[in-house]
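So the protein sequences, as listed, match chains A and B.
Under the working numbering, the first residue of the first sequence is numbered 8, with each subsequent residue one higher.
Under the working numbering, the first residue of the second sequence is numbered 8, with each subsequent residue one higher.
Take the hints with a grain of salt, since some may be wrong.
[What the hints assert, rightly or not] As a list, the in silico DSS-like pairs of lysine-lysine whose alpha-carbon atoms are at most 30 Å apart:
hint: 1; chain 1: B; residue 1: K77; chain 2: A; residue 2: K130
hint: 2; chain 1: B; residue 1: K364; chain 2: A; residue 2: K12
hint: 3; chain 1: A; residue 1: K130; chain 2: B; residue 2: K15
hint: 4; chain 1: B; residue 1: K162; chain 2: B; residue 2: K233
hint: 5; chain 1: A; residue 1: K15; chain 2: B; residue 2: K130
hint: 6; chain 1: A; residue 1: K364; chain 2: A; residue 2: K345
hint: 7; chain 1: B; residue 1: K162; chain 2: B; residue 2: K77
[Claimed, not checked] Stretch-level coverage of chain A by chain B, calculated; a stretch enters the list once three of its residues show a Cβ under 8 Å from a Cβ in chain B:
hint: 8; stretch: 208 to 220
hint: 9; stretch: 334 to 348
These are computed hints drawn from the structure, not numbers from a lab.
Note that the structure is a prediction, hence the values are computed from the model and not measured.
Think of the CB as a built atom: it goes at the ideal place given N, C-alpha and C, for glycine as much as any other residue.
2 protein chains.
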Amino acid sequence: MNAAKPLKIALAGLGTVGGGTVQLLAEQAGLLAERTGRRLQLVAVAALARPQGLPVDGIPFFTDARQMAKDADYDVLVELIGGAGGIALDIVKAALERGKSVVTANKAMIAHHGVALAQLAEKSGAAIGFEASVGGGIPIIKSLREGLAGNRVGKVMGILNGTCNYILTTMLEQGRDFDDVLAEAQKLGYAEADPSFDIDGIDTAHKLAILAALAFSMPVDIKAVKAEGIRHVSALDIRYAEELGYRIKLLGVASLTDAGVETRVYPAMVPMSFPLAHVGGVFNAIVTEGDFVGRTVLEGRGAGARPTASAVVADLVDLAMVRRTPTFGVPVRALTAKPAAPADALHSAFYIRLMVKDEPGVFADIAAALRDEKVSMEQVIQRGRAPNQTVPVVMTVHDTGEAALLRAVERIAALPSIAEPPRLIRIEAL
Amino acid sequence: MNAAKPLKIALAGLGTVGGGTVQLLAEQAGLLAERTGRRLQLVAVAALARPQGLPVDGIPFFTDARQMAKDADYDVLVELIGGAGGIALDIVKAALERGKSVVTANKAMIAHHGVALAQLAEKSGAAIGFEASVGGGIPIIKSLREGLAGNRVGKVMGILNGTCNYILTTMLEQGRDFDDVLAEAQKLGYAEADPSFDIDGIDTAHKLAILAALAFSMPVDIKAVKAEGIRHVSALDIRYAEELGYRIKLLGVASLTDAGVETRVYPAMVPMSFPLAHVGGVFNAIVTEGDFVGRTVLEGRGAGARPTASAVVADLVDLAMVRRTPTFGVPVRALTAKPAAPADALHSAFYIRLMVKDEPGVFADIAAALRDEKVSMEQVIQRGRAPNQTVPVVMTVHDTGEAALLRAVERIAALPSIAEPPRLIRIEAL
Numbered sequence: 008m009n010a011a012k013p014l015k016i017a018l019a020g021l022g023t024v025g026g027g028t029v030q031l032l033a034e035q036a037g038l039l040a041e042r043t044g045r046r047l048q049l050v051a052v053a054a055l056a057r058p059q060g061l062p063v064d065g066i067p068f069f070t071d072a073r074q075m076a077k078d079a080d081y082d083v084l085v086e087l088i089g090g091a092g093g094i095a096l097d098i099v100k101a102a103l104e105r106g107k108s109v110v111t112a113n114k115a116m117i118a119h120h121g122v123a124l125a126q127l128a129e130k131s132g133a134a135i136g137f138e139a140s141v142g143g144g145i146p147i148i149k150s151l152r153e154g155l156a157g158n159r160v161g162k163v164m165g166i167l168n169g170t171c172n173y174i175l176t177t178m179l180e181q182g183r184d185f186d187d188v189l190a191e192a193q194k195l196g197y198a199e200a201d202p203s204f205d206i207d208g209i210d211t212a213h214k215l216a217i218l219a220a221l222a223f224s225m226p227v228d229i230k231a232v233k234a235e236g237i238r239h240v241s242a243l244d245i246r247y248a249e250e251l252g253y254r255i256k257l258l259g260v261a262s263l264t265d266a267g268v269e270t271r272v273y274p275a276m277v278p279m280s281f282p283l284a285h286v287g288g289v290f291n292a293i294v295t296e297g298d299f300v301g302r303t304v305l306e307g308r309g310a311g312a313r314p315t316a317s318a319v320v321a322d323l324v325d326l327a328m329v330r331r332t333p334t335f336g337v338p339v340r341a342l343t344a345k346p347a348a349p350a351d352a353l354h355s356a357f358y359i360r361l362m363v364k365d366e367p368g369v370f371a372d373i374a375a376a377l378r379d380e381k382v383s384m385e386q387v388i389q390r391g392r393a394p395n396q397t398v399p400v401v402m403t404v405h406d407t408g409e410a411a412l413l414r415a416v417e418r419i420a421a422l423p424s425i426a427e428p429p430r431l432i433r434i435e436a437l
Numbered sequence: 008m009n010a011a012k013p014l015k016i017a018l019a020g021l022g023t024v025g026g027g028t029v030q031l032l033a034e035q036a037g038l039l040a041e042r043t044g045r046r047l048q049l050v051a052v053a054a055l056a057r058p059q060g061l062p063v064d065g066i067p068f069f070t071d072a073r074q075m076a077k078d079a080d081y082d083v084l085v086e087l088i089g090g091a092g093g094i095a096l097d098i099v100k101a102a103l104e105r106g107k108s109v110v111t112a113n114k115a116m117i118a119h120h121g122v123a124l125a126q127l128a129e130k131s132g133a134a135i136g137f138e139a140s141v142g143g144g145i146p147i148i149k150s151l152r153e154g155l156a157g158n159r160v161g162k163v164m165g166i167l168n169g170t171c172n173y174i175l176t177t178m179l180e181q182g183r184d185f186d187d188v189l190a191e192a193q194k195l196g197y198a199e200a201d202p203s204f205d206i207d208g209i210d211t212a213h214k215l216a217i218l219a220a221l222a223f224s225m226p227v228d229i230k231a232v233k234a235e236g237i238r239h240v241s242a243l244d245i246r247y248a249e250e251l252g253y254r255i256k257l258l259g260v261a262s263l264t265d266a267g268v269e270t271r272v273y274p275a276m277v278p279m280s281f282p283l284a285h286v287g288g289v290f291n292a293i294v295t296e297g298d299f300v301g302r303t304v305l306e307g308r309g310a311g312a313r314p315t316a317s318a319v320v321a322d323l324v325d326l327a328m329v330r331r332t333p334t335f336g337v338p339v340r341a342l343t344a345k346p347a348a349p350a351d352a353l354h355s356a357f358y359i360r361l362m363v364k365d366e367p368g369v370f371a372d373i374a375a376a377l378r379d380e381k382v383s384m385e386q387v388i389q390r391g392r393a394p395n396q397t398v399p400v401v402m403t404v405h406d407t408g409e410a411a412l413l414r415a416v417e418r419i420a421a422l423p424s425i426a427e428p429p430r431l432i433r434i435e436a437l
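Bound conformation, chain A alone (with noise of 0.2 Å):
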C-alpha cells in the first residue's frame, strides 16, 4: 500500500481547531502513513491571514476559502471555520458538489442542514465525517454509526458543553455562585465574552440533534430541541443537591418511546450512582443505550484544539482506508421522521426548592397543591425555624407527569407565603 495515492487535504480555517489538525498531521505523519498506507497531505489551506508557528509553509495558501474549495485539487475538504452558514455552508456545498468528501467538527451546520449535505453527499457519492462535532475527541459518532449498529437505541444522554460542566464543577466545588465563575471563566478564555451559545444550552442542542438522528435513524431536527441552560443554577441548589445525593449536570437528552421522541436540554440532578455524576471540569461524556449492548459510556475531552483534531484526523483516516459510512447511519431516504412526544406524555422526578415565609399554615398549602394534582412528596428538607424570615423549602418528587407538577407549583407560586418564583429541576432517572 505505500505506493498508494496519497490523501490530498484541503483545510480551511486555522483557529483553534483547525492549528491543532495541522499540528497532528505534521507530528503524526509518519503512524498516519503505517495506519493507512497513505500519506495524508495537506495540499492546501484557507484562513484570513497566513498563521503564524504553524507547519504550512510551502503549501498553497488561500485567503479565499470559497476559491479553495471551489478550484483546488484535492481528495477531502476539512471545514473547521465554524457557523451555521456562511462561508462554512458554502465551501462545504462547493466540495460535496465536486464529489470530494468532507470532514468538519461544525455541529451549527450539521444541526441545522445535515440531511441537504447528506443528500448531496450520496448524489455525488462523496462522504461526510463530523467526529470533531459533538463531544470533542470522544469517538461517539463512530461507536453510534458502526460500533452498535446492531442496536436499537432508545436513549442516547449526555454532557456536551464542557464550558457549562466546568462552571457547575467550580460551582460545586468553591461553593460560589454562578455569575462569580461565569465572569472567571471568561476571564481564563473557557468562556466566550457572549457566553450564551453554551450556558443557554444551545450548543448541547446542536450536539444533541445530532446525537438523535443518529441514534435513531431520523433527520437531524435542531427546531424540535427544547434548550435551558443552566443561568438560573444557584450554589444553593448545587449544595442541596450534594445534600440529597445528586450532582447537578448540564444535560442533553434523547429518548425514543412509544409516545415519541423527546429531544431537550436542561439542568438535572443526576444520582451519585450513575456515571455522569463524576464527569468533571470540561470533560464530556455520552450515556447510550442500546437492546442488545444496554448501556454504554463514553467520556472523554469535549474540546480544546489536541482533542478535537484527534477526531478530525480519525475522519481523515477512514477516508483514507475508504472506510464509508453513510452520513447518518443509514440512507438518506431511510431516514424516518418521528413524531415529537406530546407534553402530557412527558414526566420526571423533581427537586423543587421554594422560599417560603415562615409563618403558620404554609405548609398545609403547599401540601394541598401537589396532593390535588396527584404528586407524591419524597423528601423534604427544612431547617429549623424562623419566624416571619424567608427560608429555603426543598423537596423531592417522585416521577410523575411534568404537566400536572407545573401546575401545582404554578399553584404553589401564587400563595402569599411564597417569596421568590419556585426552583424546578429535574432528577435523572437511572
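Since the structure of chain A is provided, determine the placement of chain B on it from the hints.
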C-alpha cells in the same frame, strides 16, 4: 445497494454468545439491511447438537465445525467456540487460508495466536474482527484501531473481567468475604465451577495483551503479561480502602514509557475521583491515554449474550460495508516488539496492611525498614490499643520504586511482632 449480494455468514458455536448473535441477526435483520444495504445472511451453523429455541430452522447445520469451515460457501466465519487452540484455531486458520474473513469473540486465541492469524489474513486478503474479545459490547477495539488512530497511546488500562468486578462490588456493598461471595457467584452462574481463569487474572491478561498490541502497535504478547488475581483481597482491605478514599478494582494496566512496556494485572486501589472507581457490578471500562486526545473512558457491559452479540455484529456490519482495518491497526510488518520495562523501573504508590502484635517498639522497627529503603509514608491508620493482641496497622506510601518497597516489606515481614504476611495493594495514580 439493495441489490447487493448478501453477506454469507457461517457461525460456529451456539453457546451464550452464539445464541445471542443468532438472535440479533434475526431480530434486527431489517435494521442491518438498512445500515449496510445488504442482507446479513446465516448460511451455515455448527454446534455439537441442534439447538432448541434459536431461529436457525432451514439453515444448513454441521456437527463438525472443521468441515463447515473448509467446505461451506460463506464470506465470513464467526468463531464462537472459544479456547486458545483446538477446533477454534483450526477453523479460523481454515477460513483465513481460503481468503474468508473471520469474526471472533475468542480473546485466548487472539492473545496467543493473534500475529500468526493476522499474517494469514494479510496473505489471503481476509480480515479479522475481534471486537467481542475485549469488553463485551464496548466498542473499544474500534476506538483503538480507528477512532484514536491519530494518537500515540501511552497507556491503556481497565476493568476487563465482569466476574471479578461483580465479586469485588458485592464484597464492598455487603461487607462479605471473598470465599463467601465467590461461592454465591458460582451458585448464581456468574462464576465458573473452576473460577481460576477469571479470579486469577488470566482472562484479564488475555484482554490486556490484545489492548496493548493495539495501543502500542506491537505484536500481541501474552507471555509478557504478569497477572495477579483477587483471591487475597479481603473485606478488611476493602473497608480500609473506602476509608482512605479508594475502591479496589482488578485492573489490567499497559503502559509504554522510555523504559519499555509494562503489562500487568493486579488488584489496585483506585481514587474515588477516577472514573474507574465508579464502575460497578458486571460492567467493564477501559481508560486510554493518547497524546492528542488525552484521556478517554469507555464503559459498558463486559459480558453476556446480548452485549457480546452487539460487538460480533458490529464486526459483521464492517465486513458487509467493506470497511477494512489491519488486524492490529497497522500491517504485521509494522508491529514492533518493545522491550519490557526492567524491574527496577517499576514504581507505584502502595497500601500496606500489617497484622502486628501490639508491643512497645514495633512501630519504630517498621518505620526504620521503610526509611532505610527511602520509602516515604503518607498516611498511617492504627485504631486504639490492644496490648499484646494482634491489630491491623494500615499505611499508604508515596510513589516509590517497587524493588525498594519489596525489600523493606520483606524486612518488616521478618519482624517477630508481625503475625501474618503483609498485604500490599498498589494505589493507581491518576
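Verification of the supplied hints:
{"no.": "1", "hint": "B:K77 - A:K130", "in the structure": "violated, 41 Å"}
{"no.": "2", "hint": "B:K364 - A:K12", "in the structure": "violated, 73 Å"}
{"no.": "3", "hint": "A:K130 - B:K15", "in the structure": "holds, 29 Å"}
{"no.": "4", "hint": "B:K162 - B:K233", "in the structure": "holds, 16 Å"}
{"no.": "5", "hint": "A:K15 - B:K130", "in the structure": "holds, 29 Å"}
{"no.": "6", "hint": "A:K364 - A:K345", "in the structure": "violated, 46 Å"}
{"no.": "7", "hint": "B:K162 - B:K77", "in the structure": "violated, 40 Å"}
{"no.": "8", "hint": "208 to 220", "in the structure": "violated (count 0)"}
{"no.": "9", "hint": "334 to 348", "in the structure": "holds (count 4)"}
Checked against the numbered hints above, the structure violates hints 1, 2, 6, 7, 8; every other hint is satisfied.
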